Amino acid sequence: MDYFLSEEQSMIVEIAKQITDERIIPQRAELDRKDEFPRDILNSMAQADLFGVPIPEEYGGFGGGCLDIVLALEQLGRGCIGVGTAFAASALGVYPIIISGSEELKEKYLPPVAAGKKFAAFGLTEANAGSDASGIQTTAVLDGEEWVLNGTKQWITNGGEAQIYTVVAITDRKKGPRGASMFVVEEGDAGFSCGPKEKKMGIRASSTTELIFKDCRIPKDRIIGRAGTGFVTVMKTLDSSRPGIAALGLGIGQACLDESTTYAKQRVQFGKPIISFQAVQHILADMAIQLEASRALVYSAAKHIDAHPKDMSKVSSMCKVMATDMAMKVSIDAVQVMGGYGYMREYPVEKMMRDAKILQIYEGTNQVQRNVIGQELNKEYSRR
Amino acid sequence: MKIIVCVKQVPDAKDVRLDPKTNTLAREGVQSIMNPYDQYALEEAVLLKEQLGGEVTVLSMGPPQAVDVLRQAISLGADHGVLVSDRAFAGADTWATSYTLAKAIHKIGDFDLILCGKQAIDGDTAQVGPGLAIQLDIPFVTCIQKVREASESELVLERMMDDGYDVVAVSLPVLLTVVKDLNIPRIPSLKGKMKAKKAEFKILSAEDIGADSACIGLAGSPTQVVSVFPPPPRGERAVLTGTVEEQIEQLVEKIAVYL
Ligand SMILES: Cc1cc2nc3c(=O)[nH]c(=O)nc-3n(C[C@H](O)[C@H](O)[C@H](O)COP(=O)(O)OP(=O)(O)OC[C@H]3O[C@@H](n4cnc5c(N)ncnc54)[C@H](O)[C@@H]3O)c2cc1C
Ligand SMILES: Cc1cc2nc3c(=O)[nH]c(=O)nc-3n(C[C@H](O)[C@H](O)[C@H](O)COP(=O)(O)OP(=O)(O)OC[C@H]3O[C@@H](n4cnc5c(N)ncnc54)[C@H](O)[C@@H]3O)c2cc1C
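Chains as they are written, first to last, in my numbering: chain L, 1 to 384; chain A, 1 to 259.
No wet-lab data here; the hints were simulated from the structure.
This one's a predicted model, so the numbers in the text were calculated from it and none came from an experiment.
Glycine included, each C-beta is placed from N, C-alpha and C at the ideal position.
Careful, some of the hints might be misleading.
Here are the computed lysine-lysine pairs in the BS3-like style, where the Cα-Cα straight-line distance is at most 30 angstroms [claimed, not checked]:
1) A:Lys180 to L:Lys17
2) L:Lys303 to A:Lys191
3) L:Lys117 to A:Lys191
4) A:Lys195 to L:Lys117
5) L:Lys236 to L:Lys197
6) L:Lys17 to A:Lys14
7) L:Lys199 to L:Lys214
8) A:Lys195 to L:Lys106
9) A:Lys197 to L:Lys117
10) A:Lys191 to L:Lys17
Among the chain L residues that face chain A by a calculated CB cut under 10 angstroms, a handful are [claimed, not checked]:
11) Met45
12) Asp49
13) Gly64
Turn these sequences into a full structure, and let the hints guide you.
As structure tokens, then:
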């Protein structure tokens, strides 16, 4: 379908498509097999200015909106959402600075991330604080001119690969959710280290590690926004980034449809290409319907967010749920259409099916997204 | 460093066909691309600019639509593009092409380094680079696979040979032709694409470059193309199967026909 993209948006699509076709697709199977971080591919994205898309122009970026980043991630997701996740998590890592950071933090940290010279990561989750982020235990205590951080973050994307980490810590336990703050921690800060890489079902090109803080001392001005605003920043950050996760789902959905339709035209059983069997056609038709409906919602949600940045929670959650549930279902269907071949490592859909699962889990599980949507509905209908 | 890269617009080899009647390339409806070797030449020029400073000018001789390759070059990091285009250039062979490019380069002015592809994938002669160097009266080194060291005055290069490579040190100015092992051409950047969209190109005619009409186009081309034909189809082939003894038996039978 034609979504009437602007000339600049079409350029973003062209560039991301070229990177996907020429750099990601030829390498993805090996990156997956070796659990290898895609440094060269990320460097070529940096050279192509893609890291600048979500960063404001004043800080060396392109000043793109939600739809711009969605378009880039959709293409990257068509190749490999492991690579797409590494890219997206770098943007996620600096959103807190863009949203709530001081002028000094913005000037210091945004330009190198926009240029792709440094990667970022976002650290919220802990062993006992997943969906219930308010359960975090990591603390930050002001000691003279320095904050002292203690605690461990778990499953942080780009851990060990990023140079800039934005992390959430409790600064005043008595204040409950209003007692958390966000900080910038740099690779090499004393008392900060990353754990070993986790072994995962999918998105194995992305790195996931613990962030360990043992009396980690950072300068006082590395706090993002005022003390106590940590969770406000977290919520705004995740609202802004979720359509990007939806976009990765669109990418996987498209790749699955492409692979399985092409295969169905070639595979002959009972003397005919299997695409001539109506039962197979119907699976493909349902995949195409769900994919296009998801794309329409994700693009519309992104446009809504670009026009109404204060009203993004519900649409952001809706598009994340729809596109990532679609990605899971469509990837399962793609394996089904391709039969035993689809289950084999020689064909890309088995990886896509393993990869797709994460989209329903991270950046807020799809159950939690439905909670958000439900709560928003409750609020809206109370106002009527 | 002032670098000029010669780029040729060629039909995409993926869909090249011969017109069965005339035996010439059927160009209608065929996508045009930047000659693949020239993409490596351009990438090396941009890398040298990033390392040493300076500017990169791309030069092409061709019909008006050849500005497409100049635009692409800007998106990949070139600073300026010049097109030499005139009906009078039509039918140029490699000599006339070299002459015309040399005239255009005199018009452009100063340079330290000229980069060409080893060959164009349509003409395939690999003559234009060396021919151009002779016209400009500067040294040339062909088939460069690596630039080892670069400074404002000297280059240390690896020249690909059949049995390895030579290491060559040359002082500037010089013309190089390059092979595909040289680098991995980048993907266009967003800023580059935006710059390319707005870029304007100088278009030079035969008169603008002060070309002698006896040296350009068909009239200026000493090459006489007597005929162009596809190579004869390969003879029939057969694969023999079975045990070695069976295969020998089959082979003897086949050869016996000719005895
Ligand atoms: C590969 C990977 C990368 C990650 N990257 C990052 C990162 O970069 N930064 C970061 O901070 N975190 C990251 N995470 C953490 C991720 O965001 C959490 O895993 C996610 O928020 C869910 O938390 P949990 O895994 O603890 O699940 P739990 O919260 O324990 O949930 C378990 C199940 O219970 C359900 N559930 C929980 N509460 C409710 C409820 N109230 N209503 C209905 N259902 C509920 C959930 O939906 C889920 O099905 C990453 C995780 C993974 C696996
Ligand atoms: C047998 C034969 C018959 C031909 N007949 C005709 C004919 O009848 N009519 C006709 O018009 N042409 C004809 N040509 C094509 C023409 O001679 C060449 O295409 C042209 O001169 C360039 O030579 P090339 O393609 O071999 O380039 P090469 O010498 O292989 O190219 C080497 C490098 O020189 C540079 N270069 C080459 N051409 C250009 C250019 N135009 N602009 C900028 N840089 C360039 C590029 O850097 C390129 O990588 C014929 C060619 C052959 C081999």
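Consistency of the hints with the structure:
1. Proximity of A:Lys180 to L:Lys17 is assessed by CA-CA distance (about 23 angstroms); at most 30 angstroms being required, the pair is judged to hold.
2. Restraint check for L:Lys303 and A:Lys191: the C-alpha separation of about 23 angstroms stays at or below 30 angstroms, so the hint holds.
3. Distance hint between L:Lys117 and A:Lys191 is fulfilled; the C-alpha atoms sit about 16 angstroms from each other, no more than 30 angstroms.
4. Restraint check: the Cα-Cα separation between A:Lys195 and L:Lys117 comes to about 22 angstroms, which is no more than 30 angstroms; the hinted pair holds.
5. Between L:Lys236 and L:Lys197, the direct Cα distance comes to roughly 28 angstroms. Compliance with the 30 angstroms bound is thereby established for this hinted pair.
6. Our distance criterion of 30 angstroms between C-alpha atoms is met by L:Lys17 and A:Lys14, whose separation comes to about 20 angstroms.
7. At most 30 angstroms may separate the alpha-carbon atoms for a hinted pair to count; L:Lys199 and L:Lys214 meet this at roughly 24 angstroms.
8. For the hint linking A:Lys195 to L:Lys106, the alpha-carbon distance of about 27 angstroms falls within 30 angstroms, and the restraint holds.
9. At most 30 angstroms may separate the alpha-carbon atoms for a hinted pair to count; A:Lys197 and L:Lys117 meet this at roughly 26 angstroms.
10. Between A:Lys191 and L:Lys17, the direct Cα distance comes to roughly 16 angstroms. Compliance with the 30 angstroms bound is thereby established for this hinted pair.
11. Nearest Cβ of chain A to the Cβ of L:Met45: about 8 angstroms, under the 10 angstroms cut. The hint holds.
12. At a threshold of 10 angstroms, the smallest CB-CB gap from L:Asp49 to chain A is about 4 angstroms, leaving the interface hint in force.
13. With 10 angstroms as the threshold, the beta carbon of L:Gly64 comes within range of chain A, its nearest partner Cβ sitting at about 9 angstroms, so the hint holds.
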